[in-house]
Amino acid sequence: MMRKLFIVSTLLFWIAVAGFWAADVWLPEPMGEGTSATAAGKHYTLAELAGHDQADDCWMAIDGVVYDFSAYLPQHPAAPAVMLAWCGKEASQAFHTKTKGRPHSNYASQLLPQYRLGLLRGE
Amino acid sequence: MNKGPGVQWRRRFTTLALTLILPLAVVWWAFPEGLTPWRSAAIVTAWAGTALLVVNLLLMVRQPHLARLLGGLEPAYLWHHRSGMAAYLLLLSHPLTLAVDGWFEAPHRAWEILAPWAQSWPVWLGWLALVLLMFGLATTFALRLPYRRWRGFHFALGLGVVFGLAHVYVLLGEVILLLLLIVLALLALGWRLIASDLGVASLPYRVSQVTRQVPGMIEATLTPAATALAVTPGQFVLVAFGDGTHFRGCGEYHPFTVSGVAEDGTISLAIKSLGPCSQHIQAMEPGVRVRLQGPFGTFLQESAMAPQLWVAGGIGITPFIAALRAQPRTRHTTLIYLFRRAADAAFLEELTDYANNDPHFILHAVETGKMPADFPHLLQQVDELAQHEVNICGPAPMVNALLPHLGKSGVDPEMIHYERFDFR
Ligand SMILES: Cc1cc2nc3c(=O)[nH]c(=O)nc-3n(C[C@H](O)[C@H](O)[C@H](O)COP(=O)(O)OP(=O)(O)OC[C@H]3O[C@@H](n4cnc5c(N)ncnc54)[C@H](O)[C@@H]3O)c2cc1C
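Protein chains in written order, with this note's numbering: chain A, 1 to 123; chain B, 1001 to 1424.
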């Protein structure tokens, strides 16, 4: 029973992963996104991002958008160290996996746009 | 007084509760607010899966008190398997639900979330953990490996759990609940690897006598060098044989049911050659140092007032011979003893003696040859079978073959107990 469950679930998992990959390869890149992205601001690379990893100079990338949180850092409700650890980095996972009792509610998402610098350049 | 079923029910409930309490508490604590449904699902599956992995490690700890709480090592291992599988399913869906969430944002986002090269090392840790779990489980399920290699690959699973916890830690930092999970996991792994497998929690014994009755089996009597374990017939111990004058032990702990328990603390073990280590043990000599852990198991522990049917297959005779040696039967007991060849049947003479002298004890000794036993026929010889409490001990295939016949004969499932000489 367990053995069957393992085989079936593992196969389904890889089929799903392959499906997402195939969708990425075959689906056309949406036109709108590219143009609006350029309009929305400058592009930054991960290397540029990495240069801004200090408390008073703190950039982060979340979901492909680069933010400058230097001004926000002192206001962060949790210990600033939690956030400081992500300065200069791609921090989408950290931002999205916050949980109950922790700050990233809709409110946090509403705060984001005012710190926006531009887009992260895909490699 | 029939306390068997009530106790069993309570144990089952305890095990289920212990398995679920941690994951439920963790999910309740970590339940996300204000996120999209798919992102919430991803967080819930991650936390529940991680907590179940920790429960899974706790269920592999071989500690007599913990085992007693769970009703024995066998049920503990059953729940070890179940929690492990449930954790695996949850953790498989974790990246997928994240990807689905990305998909609704923009279809290309989904693959970006999954593709490790688009991500950073905290995510790689997660992938590494998942792949290790996959590999470890594949070796458990997909092949029938020799025990030692199987156990080696099983360590991949432990490593997978460690990487999984590291993945959560680097993403979330010092979250109190996560720290608790990490401490529990390290305690469980540490206990199992240091206290159990290396034998820190064991007691010293010495082999005082070795007898050879039938080919391919010895009986060793062990005398405590310090404190004696409080073992009762039906229970088993984990034993590592050390060195003697000529004998070199294989240095690993193996489970053996006691075949005799004396008042002075000595215990006997009947050991059949079934694989590399038990074959090696056949050359045992008096004076060999031994380390023992236990006792474990609840077999023959809480029997009802009902008449007893015992079924032993081959070396599965050990718990029954221990019970018969301990005291005369106080209630009606029928033993069906199955073996391949009479020349290899351990304790046959001794059992025949008991049958001749104890009016409560009936023996059906059955030579099966290479054929599977004819259970319908054998069970017909037991009067009022449905009133009996049934205790079965032997190789897993025999136990599995017998169970359906007992069901058909109307024996209450709560009144059937068995011990399979197989741990994985
Ligand atoms: C609860 C219980 C009670 C047992 N009582 C007896 C007994 O009274 N007399 C007797 O002769 N045999 C008994 N056995 C079986 C005995 O433990 C195995 O035959 C022995 O461990 C085989 O080891 P091996 O290296 O010779 O063989 P292998 O071929 O390596 O192993 C054969 C099987 O033995 C089990 N096993 C092996 N090593 C271990 C280990 N370190 N820990 C746990 N399981 C292991 C595994 O199920 C494995 O598949 C009992 C087993 C269990 C689970």
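Think of the hints as simulated: they come from the structure by calculation, not from any bench.
Careful, some of the hints might be misleading.
[Unchecked claim] Computed beta-carbon distance windows for the label pairs:
1. A:Leu-73 x B:Val-1027: 49 to 57 Å
2. B:His-1377 x A:Leu-12: 43 to 51 Å
3. A:Leu-12 x B:Leu-1069: 43 to 51 Å
4. A:Leu-73 x B:Phe-1141: 42 to 50 Å
5. B:Ala-1166 x A:Leu-27: 30 to 38 Å
6. A:Leu-27 x B:Glu-1414: 55 to 63 Å
Even for Gly, the Cβ is constructed at its ideal location relative to N, Cα and C.
Whether the CB-CB distance between A:Leu-73 and B:Phe-1141 falls inside 42 to 50 Å: At 49 Å between Cβs, range holds.
Starting from the hint 30 to 38 Å, judge whether the C-beta atoms of B:Ala-1166 and A:Leu-27 obey it. 34 Å, holds
With respect to the beta-carbon atoms only, verify the hint that A:Leu-73 and B:Val-1027 lie 49 to 57 Å apart. Between A:Leu-73 and B:Val-1027, where Cβ atoms are some 31 Å apart, the hint is violated.
Is the hinted range of 43 to 51 Å satisfied by the C-beta distance from A:Leu-12 to B:Leu-1069? 36 Å, violated
Range hint 55 to 63 Å: satisfied by the CB atoms of A:Leu-27 and B:Glu-1414? Given about 57 Å between the Cβ atoms, the range holds.
Look at the Cβ atoms of B:His-1377 and A:Leu-12 and judge whether their distance stays inside 43 to 51 Å. With Cβ atoms ~45 Å apart, the hint holds.
Consistency with the previously given hints fails for numbers 1 and 3, ordered from lowest to highest.
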